[in-house]
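Protein chains: 2
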Amino acid sequence: MPEREELCTIAWERETGSIVYIDQTLLPGRCEQMRCTTVEDLARAIRRLEVRGAPALGIAGAMGVALAAVRSTEADLGRFLADVGRAADLLRSTRPTAVNLAWGIDRVARKVAMAASVVEAKALAVAEANAVAEEDELTCRRLGAFGEELFPTACTALTHCNAGALACRCWGTALGVIRSAVAAGKDVRVIACETRPLNQGSRLTCWELARDGIDVTLIPDSSAAYLMRKGAIDLVIVGADRITKDAVFNKIGTYMHAVAARHHGIPFYVAAPLSTFDLARTESEITVEERDRAELAYCGDRQLAPDSVNVLNYAFDATPLDLVDAIITEIGVLRPPYSESFRLVGNPAHRRGQGA
Amino acid sequence: MPEREELCTIAWERETGSIVYIDQTLLPGRCEQMRCTTVEDLARAIRRLEVRGAPALGIAGAMGVALAAVRSTEADLGRFLADVGRAADLLRSTRPTAVNLAWGIDRVARKVAMAASVVEAKALAVAEANAVAEEDELTCRRLGAFGEELFPTACTALTHCNAGALACRCWGTALGVIRSAVAAGKDVRVIACETRPLNQGSRLTCWELARDGIDVTLIPDSSAAYLMRKGAIDLVIVGADRITKDAVFNKIGTYMHAVAARHHGIPFYVAAPLSTFDLARTESEITVEERDRAELAYCGDRQLAPDSVNVLNYAFDATPLDLVDAIITEIGVLRPPYSESFRLVGNPAHRRGQGA
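Sequences listed follow chains A and B, in order. Every number in this note's numbering is 30 more than the matching position in the first sequence, counting from 1. Every number in this note's numbering is 30 more than the matching position in the second sequence, counting from 1.
Treat the hints with caution; some may be incorrect.
Any copy, or any two copies together, can satisfy a pair, since identical chains are not distinguished.
[Stated by the list, open to error] In silico EDC-like pairs for lysine to aspartate or glutamate, Cα to Cα no more than 20 Å straight-line:
#1 Lys260 to Asp352
#2 Lys275 to Asp352
#3 Lys216 to Glu43
#4 Lys260 to Asp276
#5 Lys216 to Glu179
#6 Lys275 to Glu167
#7 Lys216 to Asp337
#8 Lys216 to Asp106
#9 Lys260 to Glu315
Simulated from the structure, these hints should not be mistaken for laboratory data.
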């Protein structure tokens, strides 16, 4: 299906000991590769959403710790570990809602902590960060293969935000399932919600699907329910930033689509790797990131709202699991009752130890 | 309550025989009055949404016919009427969904057709157009008084698009009810949805409510359902562009809010003058305007989506009446079953004859 070279959203550049990534704020106008040589650069890139998407944030977190390790000039293991710890804390603070970020940071930090020397720690950190990235690709392919079985031979799928190649190392989660369905010969059309206020749907999902020759139509977020009413949508598939024992956190607007899908009897699917699961917590324990008013009050230099009005700009919302018909993971499709199917997911801490 | 001079969105300027209006595409940056001296100018202003909002379009249609009458140089009554007829057809073609536009055009055209001379026709046209505008203000005040009784003493109301002073001559329909509730001493906070793709919520509703000192918070359209889930919204109130015997046509996104309101047990109210009713028709007979792809694919000069992707840009959606808890009009609050309460509305053609 993809005729062009596959995207690689984020990677470790061994020669220079730095992170290269596609700056997603420049899309769809330009697809440009950037380089981070310091953890501060990376933290800024994450805050500015140059790197975004839950799985990609996991990789970024992992590579950020590797970057801190490689760049540390401390020869003393204790001081070296303090350097790495500060970097991990800085990275962790950039985005509070996506759990994958902390997951990636922790995975590499745990390896570093096991090292007997600074030299060994640096090598372990880079190896683990690369393992996280490579596993992400494998995870997306497996998840895609499980998920595409849920798709009819011909269908129109609604998606929100970007859970695509650009949100991962490549292939994608929700869009990975769509790619897998297309690769399996299914006739899939995609309706992409623009995803206000930062338009990841218009800028990223439309761009990467059009690049792959997949049929995609852009709509305003607010017209999804009306298209469901008109019978134009067969299923909804989205990614996730965190899955607690009772809810799916994902880009603001996801909950609205879940409510509308239920109202119209349309299946609502979440595609997410196990690194997104945080089953020790409940919805009420999670901080939903609030972003700057300017994202809504301005579009570039153009003022959209008076400076005197309040703005409430949640980056995410929470969809209770009773509105979710299936969660597609790399170990299979989880179905309600989730209290039972979540047992398959097991203890995330245990999983990390196995490097899975 | 309003400390500043009340807005007057559109008016007939007797001295110059022209229409003056606030160009709403310049808000919130600038509040500037423009003048139309030809029907072609007015048609362009309507298509560009410089003048918008169902009741204001009714006034614009009425004044447009008056403009054509006043500006016609034909001395022969037959040729004069042909001039006016062509102007009416041009204006009617500008926006297919809002019924008020055709209603305003027809009201003045009918008066013109009754005239015995060109001179009389011109005088009747201007008088009738001004009557439409004056009645609109009275209608909004009455509607506001009926509607505010539905508001609790303290509440947060969600609204979508702009059904405010800027959508009427002044005061507003949905925002008129909010103004009336505030004027009655109630503690009303407003959540304004930005209303993609043209941001009438951000640009117009936020601007006019902030101007009046009413507490308003801007949100992306997609977060309304999540705020309902969090218990932050007590009621929804919107305007309408056309009410058929089975559905309310209003700005795209309205249906989504109605579905979410029902899911959360929150009342969903529509505020609309009788000129919005089209009870001889059903939803399936109405053309929903589709607007240009550029409204979604660009923001000013900034490209948001690749040129190669399809865009589906419905300007309106239809909410079935079973999701509407009340329709607030200038003759009172209509409640389900609407098949019965619509009898109060009577025959619109008959109402027009009474100038009501």
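TODO: Please write out, lowest number first, the hints stated earlier that are contradicted by the structure.
DONE: Per hint list: 3, 6, 7, 8 violated.
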